[in-house]
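Can you join these two chains into the complex? Each is in its own frame, and there are hints to help.
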Amino acid sequence: MSLKKYIIGFLASIALTLLAYNLVAGEIANGLTLLLLIGGLALAQMVIQLVYFLHLPDEMKPRYKLLSFGFMVVILLIVVVGTLWIMHHLNYNMMEMSPSEKDHYMSSQKDKGF
Amino acid sequence: MKQAAVKFTNYKSSLGFWIYLMTDCLIFASLFATYIVLLPGTAGGPGPKDIFQMPLVLTETLILLTSSFTVGLAMIALSKKNIKQAIWWLAATYILGVAFLTIELFEFGVLVSEGHSWQASAFLSAFFVLVGTHGLHILIGLIWLLVMVIVLLRRGLNSKSSRQLGLFAMYWHFLDLVWIFIFTIVYLMGVAS
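These protein sequence lines are chains A and B, in that order.
Just so we're aligned, residue 1 is where the first sequence starts under my numbering, counting upward by one.
Just so we're aligned, residue 1001 is where the second sequence starts under my numbering, counting upward by one.
The shape of chain B in the complex, shown without the other chains (with noise of 0.2 Å):
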C-alpha cells in the first residue's frame, strides 16, 4: 500500500513537469515562428548560409545527444541502487552539457566579433533570441544537475530525490528534442539549397 502511495506521489509529480514542459514548448513555438517569419530580414547582412559552422553544429548536437543518453544510463543505475555509478553517469552529463554550451558560446561569441551580432538584423535577432533561448534552458538544467549531484552525494538516494532526479532526466530529455528541431529548421534548412 505504502508503495502504491508513493508511486502515485511520483506519478502527480512528474504529470505536473511534463505539464510545464508542454507550455515551455509552446514558448519554443513561438520562437520558432518568429524566426521563420525573419529569416528573410537580413538587412543588407548576411543570411544563414553565411554564417553557420555546420561541422561544429553536428558536434554540438552529438554532443547533446549523448548526454541524453548518458542521464538515462544514470537512471538506470539509480533504479537498481547503485548511487556511484548514478553519479559517474550524472557528472559525464554534466561534462557533456559544459561542452554543449561552451560550443555554442564560442559560436555566439565568433558572430559577435565578426559584427554579426544580435543588432545587426532582424534575422539575426530572431536566431540568437531562438538559439539563446535554448541555452538558458540547458545553463538551468546545468545548475539543477550540480544541485541534485551534491544532494546525491550529502544525503543519498531517498524517495525525494529519486524523484527529483526523474523530473530532471525528463527535463534534459526535453532539451534534447528541442535542439532536434533547433538544429533541423535554424541549421540544416538555413543552409540547404
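This is chain A alone, in the form it adopts within the complex (with noise of 0.2 Å):
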C-alpha cells in the first residue's frame, strides 16, 4: 500500500472515464464498435481499480480472494448470458409465426417497446 499506487490508479481511472465518456459524446465512433470499444474501457479499468485500489495481486497464498472473485465472475456470466439469451429466444419463440413473419415482426416492433 503506497502513495504512489493510489496516484496511479486514480490517475488511469480519470482518464479511461473521460476517454468513454468522450468516445460517445463526441460520436467517433457507432454501433456495435462503439459498445465494444466502452465495455473494454470499463473492464480496464475493473482490472486497475481491482490492481491498484483494492490491491488484490499483493494477496499472500493461497489467493483466497481471487479464487472467490473468478467464481463471482463466472456466476455473473452464467446469470448475465444465461438470462439474455433466455429471455431472447422467448420473446422469439413464443409467437405463432412462420420463421420470417417472425424476422419481419420483431424488427418493426423492435424501437415500438412493449
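Just so you know, these hints were derived from the structure itself, not from any lab.
For clarity, every value in this text was computed on a predicted model and none was experimentally measured.
Just so you know, not all the hints are guaranteed correct.
Computed footprint of chain A on chain B; a stretch qualifies when at least three of its residues, placed anywhere within it, have a C-beta under 8 Å from a C-beta of chain A [unchecked claim]:
1. 1019 to 1025
2. 1052 to 1064
3. 1067 to 1075
4. 1165 to 1179
5. 1183 to 1190
Covered stretches of chain A (in silico footprint by chain B; criterion: 3 or more residues with CB under 8 Å from a CB of chain B, positions within the stretch not fixed) [unchecked claim]:
6. 19 to 31
7. 40 to 54
8. 66 to 72
9. 82 to 89
Even glycine gets a Cβ: it sits at the ideal position worked out from N, Cα and C.
Structure, rendered in C-alpha cells:
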C-alpha cells in the first residue's frame, strides 16, 4: 500500500472515464464498435482498480480472494448471459408466426417497446 | 509472534468481507440482467436517450472516483499512525459521498417530477431499482463512515478500529467499481447511437 499506487490508479481511472465519455459524446465511433470500445474501457478500469485500489495481486498465498473473485465472475456470466439468451429466445418463440414473419415482426417492433 | 497473529485475524476478516462483496456483485449482476432485458419496455414512454443528463452523470462519476482516492489516502495516513490527517481525508470522502448522493437524488427528483417515475414503464422500474440499489449502498457506506470517524475521534486508533477502517475502504472501492459498470452500461450505452 503506497501513495504511488493510489495516484496511478486514480489518474488512470479518470483518463479511462473521460475517454469513454468522449467516445460517446463526440460520436467518434458508432454501433457495435462503440459498445465494444466502451465495454473494453470499463473492463480495463475494473482491472486497474482491482490492482491499484483493492490490491488483489498483493494477497499472500493461498489466494482465496482471487479464487472467490473468479468464482463470482463465472456465476455472474451464467446469470447475465443466460438471462439475455433465454429472454431473447423466449420473445422469439412465443409468437405464432412463420420464421420469416417473426423476423419481420421483431424488427418492426424493436423500436416500439412493449 | 503477536504481530503475526494480528495479521492473520486481519486477513480472515478481510477475506470474509471480500466474500460478502462477491455475493453483493451477484445482486448487481441480476439487476443488470433485469435492466438489459427490460430496456426496450418503455411502454410508449421515454427511453434512455430521452432522460439521461450526461454532464451531470459524468460529474457524479468523477466525484465518486475522487472519493475512492481520498479513502485510499486516509488508509495511507492510518498506516503511518497519522490520525489527524486520516480524519481529514475521511471527512473529504464523506463530503464527496454526500455530493454524489445529492446529485443522484436530484436526478431521480427531476425524473419523477417530469412524470418518469418507476411506475411509468418496465424500463424505468429496472433503472430505478438498479441505480437506487447502488445509491442505497452509498447511503449505508456514509452511515458506516460517520460511525468510524466518531470511533476514531473518541477512542483513537487500535487494532479493532484499524481493521474496521480497512474493511470500510474495501467497501467504498467496491462501490466505485460497481458504479463504473452502471456508468458504462446504463448511461453511456444508453445514450450511444
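Hints and how they fare:
1. Given a C-beta distance limit of less than 8 Å, the hint that chain A covers the region 1019 to 1025 of chain B holds, as 4 residues qualify and 3 suffice.
2. Coverage of the region 1052 to 1064 of chain B by chain A holds in this model, with 4 residues showing a Cβ closer than 8 Å to a Cβ of that chain against a need of three.
3. Counting residues of the region 1067 to 1075 of chain B whose C-beta sits closer than 8 Å to any C-beta of chain A gives 5, which meets the bar of three, so the coverage hint holds.
4. Only when three residues or more bring their CB closer than 8 Å to a CB of chain A does the claim for the region 1165 to 1179 of chain B stand; here the count is 5, and the claim holds.
5. Note: the region 1183 to 1190 of chain B has 5 residues with beta-carbon separation from chain A under 8 Å; the three-residue rule is met and the coverage holds.
6. Counting residues of the region 19 to 31 of chain A whose beta carbon lies closer than 8 Å to any beta carbon of chain B gives 7, which meets the minimum of three for the stated coverage.
7. A stretch counts as covered by a chain when three or more of its residues have a beta carbon under 8 Å from one of that chain; for the region 40 to 54 of chain A and chain B the count is 8, and the coverage holds.
8. Requiring three or more residues with a Cβ within less than 8 Å of a Cβ of chain B, the coverage given for the region 66 to 72 of chain A holds, as 4 such residues are present.
9. For the region 82 to 89 of chain A, the proposed coverage by chain B is satisfied: 3 residues have a C-beta within less than 8 Å of a C-beta in that chain, meeting the threshold of three.
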